[in-house]
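There are 2 protein chains.
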Amino acid sequence: MQESMTLAMYGAIAGAVALAFALVTFASIMKEPMGTPRMKQISEAVQEGAMAYLNRQYKTLIPFTLVVAVLLVLVLPRLDPRIKGDALAISFLVGAVCSAIAGYLGMNSTTKSNARTAEAARSHGLGKALNVSFRAGAVMGLSVAGLGLLGVSVLYLIYKDPVVINSFAFGASAIAFFARVGGGIYTKAADVGADLVGKVEAGIPEDDPRNPATIADNVGDNVGDTAGMGADLFESYAATTIAAMIIGNAIFGPKGALFPLVVGAVGIIASILGTFFVRTGEGGNPQAALNLGLWATNIMTAIGVYFLSAWTFPGKDALGIFLAVAAGLIVNVAIGALTEYYTSNSRPPCLRIAEASKTGPATNVIHGLSVGMESVFFPMLFFAAAIYFAYWVASWESASHAIYGIAMAAMGMLSTAGIVVAMDSFGPVADNAGGIAEMAELPPEVRQKTDKLDAVGNTTAAIAKGFAIGSAALTALALFQAYADEVARNPKLQHLLTDGHLVINLNNPQVLVGLLIGASIPFVVSASTMRAVGDAAYGMVNEVRRQFREIKGIMEGEAKPDYARCVSIATGAAINKMIFPGLVAVIVPLIVGFGLGAMALAGYLAGLTATGVLMALFLANAGGSWDNAKKWIEAGNLGGKKIDGKPNPIHQAAVIGDTVGDPCKDTSGPAMNPLIKVAGTVSLIIGAVLFR
Amino acid sequence: MQESMTLAMYGAIAGAVALAFALVTFASIMKEPMGTPRMKQISEAVQEGAMAYLNRQYKTLIPFTLVVAVLLVLVLPRLDPRIKGDALAISFLVGAVCSAIAGYLGMNSTTKSNARTAEAARSHGLGKALNVSFRAGAVMGLSVAGLGLLGVSVLYLIYKDPVVINSFAFGASAIAFFARVGGGIYTKAADVGADLVGKVEAGIPEDDPRNPATIADNVGDNVGDTAGMGADLFESYAATTIAAMIIGNAIFGPKGALFPLVVGAVGIIASILGTFFVRTGEGGNPQAALNLGLWATNIMTAIGVYFLSAWTFPGKDALGIFLAVAAGLIVNVAIGALTEYYTSNSRPPCLRIAEASKTGPATNVIHGLSVGMESVFFPMLFFAAAIYFAYWVASWESASHAIYGIAMAAMGMLSTAGIVVAMDSFGPVADNAGGIAEMAELPPEVRQKTDKLDAVGNTTAAIAKGFAIGSAALTALALFQAYADEVARNPKLQHLLTDGHLVINLNNPQVLVGLLIGASIPFVVSASTMRAVGDAAYGMVNEVRRQFREIKGIMEGEAKPDYARCVSIATGAAINKMIFPGLVAVIVPLIVGFGLGAMALAGYLAGLTATGVLMALFLANAGGSWDNAKKWIEAGNLGGKKIDGKPNPIHQAAVIGDTVGDPCKDTSGPAMNPLIKVAGTVSLIIGAVLFR
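Going line by line, the protein sequences match chains A and B. Using my numbering, you'd call the opening residue of the first sequence number 1 and step up by one each time. Using my numbering, you'd call the opening residue of the second sequence number 1 and step up by one each time.
Just so you know, the hints here were simulated from the structure itself, not pulled from any lab data. The structure presented is a predicted model; accordingly, all values stated were derived computationally and were not measured. The C-beta atom is built at its ideal place from N, Cα and C for all residues, glycine as well. Hints are supplied without guarantee of correctness; some may be wrong.
Stated by the list, open to error - In silico lysine-lysine, BS3-like type, Cα no more than 25 Å apart, as pairs:
hint: 1; chain 1: A; residue 1: K160; chain 2: A; residue 2: K255
hint: 2; chain 1: A; residue 1: K358; chain 2: B; residue 2: K641
hint: 3; chain 1: B; residue 1: K358; chain 2: A; residue 2: K358
hint: 4; chain 1: A; residue 1: K199; chain 2: B; residue 2: K358
hint: 5; chain 1: A; residue 1: K642; chain 2: B; residue 2: K646
hint: 6; chain 1: A; residue 1: K358; chain 2: B; residue 2: K646
As the list claims (entries may be wrong) - To give an idea of the chain A side of the interface with chain B (calculated C-beta under 8 Å), a few residues:
hint: 7; residue: A356
hint: 8; residue: P361
hint: 9; residue: S370
hint: 10; residue: V376
hint: 11; residue: F377
hint: 12; residue: A484
hint: 13; residue: T498
hint: 14; residue: I517
hint: 15; residue: S526
hint: 16; residue: M530
hint: 17; residue: V541
hint: 18; residue: L614
hint: 19; residue: P663
Generate the whole structure from the sequences, applying the supplied hints.
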């Protein structure tokens, strides 16, 4: 026991080191110059809008979190007196607060770095701009991973029961779902609104200061891509660690419970070291620098885990568990490569969409849907292979150890979250920097440099999206198995067990019914989030049209548009529309579990995970491919944007496809990840008190 | 045993009666006049194109069927000597041939009735036109149900083993998959080609004789909606009956094996009687007449089954099994109503899409996707409820009888296939009649009458689509359970059983991996069929453009377009592009079963069924709703087709949505039904010989 507490302490220390490193990095960024007063002013407007949104989002969620906490304290212990309701409630609140802190830290860092990145590009060049923007991303990445590891480790030191601290993951996942959905709606409402009226109707360029929605659009990049993704991966990180701890505890006792923390610690230290590999000179290739950082982190993590596994586990488990972790690392790379294949505009799928634009928007959309649907197969095959492999290697020592394999593969994948989030978050910083360069009317070569970074950011964002989906899938499976373990411990459900295990038989009508209901929920949540973007964008379009009409001198640059009003419309829409899907995500598992029983809930989780992952891949890849097909045409292919001064109909068709893809890839698709995870964490909590 | 053979004889007799009734009806239709020589000529061109397509389709499938038959004879008995390979091969070929016969009979009837319907509308009026077109549909409906029941009953009389005659269902389902996919590609390639160049570019009306693709378009209505749907439901009918027989045999012996035939016989007699309720006068409401026919059939079936169940089963099973059948009948009605709700243009979902067209095609498409995704939830809930209920009532007498419930619910749903197919098939006849009225330049009031029937046909088609999806879902579940029973009898797989039953544990990695792979296959098949339509339509567009350009005098009506070339392009594309998805459907289950084992195949079936049904609902309802949103605008809403003589951009946006929806609702969506069934029938055959 003493030794195991030492392990938890290592986890806490690694988490704290990562956080400290994040804060030091943040302080160092703050010393960089912000450029001209105009740049500072714009940056502050974006920052203000982003913070206003975050404040309102978290404020809206306070009643929800308090109600849940009260239910945890008052209701659960009545259903089973052995349950420590106060511990659950505290863990839940800590999880929710940590998620919010990670969001604030990351958002602060990225929104304060955009002007600094633009200034770095202006006064120093590409290398420095990459350095500033990537450091800003690293603050986000290390905050996410550090807070996750620290929170889980400290709660474990206090409560010594992984099931209690699952509530931490539940808190994180509830917040993550709202952050993902709200952020996704915000960013797309602003983007679609800004583009449809500004670019298409008024014919002014992207990020033009005359466009009233332009600040909202830049805010959206931060609240969607940075805060949403950060919350999502914070949740994956917490939930996977805890699911692995629960399963490990059941199989190996404290040693098994703590090894996931050790893997997390290795990954986080490797991520910190990995950030130092990301450097490039003026003519250099930022993508290569980022890839080097990622590979270095993966390799260092693998080496570290190899030795620690050998030190922790006896017999064949030592190698088996290392290989399971390695499988997670490999799937991570594979999913990233597949995402890149299906969305990159130098590859056949995306070019097919561009080609289909020749016969108009309908064929563009048909081919985009087809690419998205097609893109699910190989990632699913990789997941399946990784699951099979991890299961197999973990069973070498004993068949009963097998299910630890999937959890450790998930842990392996997530251990490098620090650097992956850093790579993802630097993109919006570079994107914003470009926006500021445009709005502050800096020389065009500054914009060219930030555009180069932004293009790299699109690729790293695709990789991070694949990572988020893959980690959500493995996390959900680990939670599913932890749930089965929890039900097996539930004294009221002993009649459901066979040889002490929960056998989730697909031929049992409860399981089948749960599976069918669960499988349909991702469609429902996709539908409601997609509709929300449509409605919110509609409001934004009308507001921008109104300002162009009513504010005199706006098009001549003589009058300032009312940026704040657009920010406030996007904020209001995002907050209002995130409620319904959020409640569906949290409440339906409760209805299924208490109404139809523990078996139905198991089926629900399986069905939800399968279609949730499929929809996530379909929507993300279709959207990404539509986007890049448009960009490829804009680069001058198939006639480019204009032919003989007139809009090129091929480009117009591609713009329509891209707009259809916007809510797919940035709202509905990303909402799938927290959807499947929140169901898992909720189920894990009620698994101990279900009565049928 | 003697008594049970008598029951099978009743099944065979009812099937033969239905077939005889179909032939008599067909003969009576042939006595109706065909109208002017021009009408006759057009009708014959359509018929010729349709028959040419069917001939080529079946000819292409001959090598495939022969290879499968040879494999059944040569390979299976080596894997397990108890297997009668020749019986399997014969049943398979009989199933394939019966499916083809049903296709020919129905197609013959509908293509020979189109001009007769137009003539009836011209010389007698609406009532007579409904009478002719519905009788044509009834020939199809009763051929499908009659051949299904006759084939299964006779094969049972010969082989007395439901597992052997499952091969009949396999034959039917293999053909059905190709027919659905090929027909779906054909109809949409022709439709999109005819519309994009004819209506949009050349500005000539629908069905204008100057359009080279117009005959192909009319052929498409027959090969897609009639032959494809007929093959689909023939398969459901055969597969459900056989799955119910296998499960019933395992539980009740011959009595249980034969009761499904009795339910089929009752349904078919009720369907024949039901057709007599479908009559209307000149000012009458054809929809009401059709609804009356459907309700009468449902009620007669329910009453018949109530008494026969009481006569066949002792104790609580009598009522329980009747209630399970009744649940199937009710789900049938409920799914139809839900389909109608999500696609009708007097309901909110469709109006939302129309409204969204105001802000352009992108928002139209986004809302259409959202409506389609939303529409899956309540049907899935109804399936889940029906499964739960059927399971529960069937377990009243004994828990071991429970799984007979789902099979009997499926049987209840399908027992009325005769009249449902009739209602579905009359639509294309009316649609074609309208086309002929247009091309033969009949007075406009004829077209108005056929349009009225066509509009009703769209609603009944929606109901039939819901029916096809619902029956496919229940059929697939019944097959899934029959598969579990088969594996339990497989001597090599006894180590997989627990208490003599196959426990399909979701916590088993094989099952999980199978589930994930199975869940992804519907996306792959959707993608490939959608892409096929895109590519085939592209070829058609180019051909129509070429004819307009190269054939002089075509636009003035002085030169005849080359209809045959368009027919042949559509045929070639449909045949070529149906191969890949067809092989995926048949071969992947073999790979999973022999490669990963019986458990993985069980997971595969579950995953495939869940997402297959979801995708079927999503695609069909999104497509239907886009279509009707466009029609609603064309009826003069939101500005109608033109504003001040210029194309209304709102209408143009809706046309784009409709075109996106075309392959969704008529190709990819309908392909899902045979996809999930063919996997079930293949698995059922190899379930006896899997070796791991």
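Verification of the hints:
| no. | hint | verdict |
| --- | --- | --- |
| 1 | A:K160 / A:K255 | holds (12 Å) |
| 2 | A:K358 / B:K641 | holds (24 Å) |
| 3 | B:K358 / A:K358 | holds (24 Å) |
| 4 | A:K199 / B:K358 | holds (18 Å) |
| 5 | A:K642 / B:K646 | holds (24 Å) |
| 6 | A:K358 / B:K646 | holds (23 Å) |
| 7 | A356 | holds (6 Å) |
| 8 | P361 | holds (5 Å) |
| 9 | S370 | holds (4 Å) |
| 10 | V376 | holds (5 Å) |
| 11 | F377 | holds (5 Å) |
| 12 | A484 | holds (6 Å) |
| 13 | T498 | holds (7 Å) |
| 14 | I517 | holds (6 Å) |
| 15 | S526 | holds (5 Å) |
| 16 | M530 | holds (4 Å) |
| 17 | V541 | holds (6 Å) |
| 18 | L614 | holds (6 Å) |
| 19 | P663 | holds (6 Å) |
Against the hints set out earlier in the document, no violation occurs for any number.
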